[in-house]
Amino acid sequence: AQSVTQPDIHITVSEGASLELRCNYSYGATPYLFWYVQSPGQGLQLLLKYFSGDTLVQGIKGFEAEFKRSQSSFNLRKPSVHWSDAAEYFCAVGSRTGTASKLTFGTGTRLQVTL
Amino acid sequence: KAGVTQTPRYLIKTRGQQVTLSCSPISGHRSVSWYQQTPGQGLQFLFEYFSETQRNKGNFPGRFSGRQFSNSRSEMNVSTLELGDSALYLCASSGKQGASGETQYFGPGTRLLVL
Numbered sequence: 189a190q191s192v193t194q195p196d197i198h199i200t201v202s203e204g205a206s207l208e209l210r211c212n213y214s215y216g217a218t219p220y221l222f223w224y225v226q227s228p229g230q231g232l233q234l235l236l237k238y239f240s241g242d243t244l245v246q247g248i249k250g251f252e253a254e255f256k257r258s259q260s261s262f263n264l265r266k267p268s269v270h271w272s273d274a275a276e277y278f279c280a281v282g283s284r285t286g287t288a289s290k291l292t293f294g295t296g297t298r299l300q301v302t303l
Numbered sequence: 032k033a034g035v036t037q038t039p040r041y042l043i044k045t046r047g048q049q050v051t052l053s054c055s056p057i058s059g060h061r062s063v064s065w066y067q068q069t070p071g072q073g074l075q076f077l078f079e080y081f082s083e084t085q086r087n088k089g090n091f092p093g094r095f096s097g098r099q100f101s102n103s104r105s106e107m108n109v110s111t112l113e114l115g116d117s118a119l120y121l122c123a124s125s126g127k128q129g130a131s132g133e134t135q136y137f138g139p140g141t142r143l144l145v146l
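Protein chains in written order, with my numbering: chain A, 189 to 303; chain B, 32 to 146.
Worth double-checking, as some hints may not be accurate.
[Stated by the list, open to error] Taking lysine to aspartate or glutamate and the DMTMM-like style, the derived pairs with C-alpha atoms no more than 25 Å apart in a straight line are:
#1 LYS256(A) to GLU133(B)
#2 LYS237(A) to GLU252(A)
#3 LYS237(A) to GLU133(B)
Bear in mind the hints are in silico, worked out from the structure with no lab data behind them.
Source: prediction; values computed, not measured.
So here's chain A without its partners, still in its complex pose (with noise of 0.2 Å):
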């Protein structure tokens, strides 16, 4: 069974700090990966995702991920953090098999940004 670590609960950093936020999974083989982002009373937003090819996957809002197969992991990185950025982030895995529609999700990261 497919499934995802986020080591980190609760982060918090400076406004200007570089980001960067873990993410471990188990698979059998590549999966589908993502990160999303969630303000608070809000659903979910697409960051990134992973596919295939190039694993430095650039996003949205000046973030990128690198896929490391070695590792097993995905962390979602940025170099200057604003303040704007405070919310739960999410990293997910999607089968690479079937047809069905189903993400597996870590249990989140909250960051705090500091001014």
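Could you slot chain B onto chain A? The hints should help.
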């Protein structure tokens, strides 16, 4: 293009009642998935519908059911509500093919409170 819409946004029910939540996918999308989000269990997959057929189901009791209409709109129903059903229910739609790995776009969710 309009996003995924969910109605109602907020709902208060009492134990033993039943509830129906509605989701309208992005125009042209034929796959609709439902997720439950709670502080304790995180984001969990409920089920997925494509072309009016349930293709995948998560590990939830039979009190949770759903359906999809010919216009791809979907409803989910929870019967005999329990306190533990209090959650944010998120709907997501994806692609014309509903293929594995297609990006899922989430609605704002329906927050259900069971008293």
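A quick look at each hint next to the structure:
1. LYS256(A) to GLU133(B): Holds: LYS256(A) and GLU133(B) sit about 21 Å apart, inside 25 Å.
2. LYS237(A) to GLU252(A): holds (10 Å)
3. LYS237(A) to GLU133(B): holds (10 Å)
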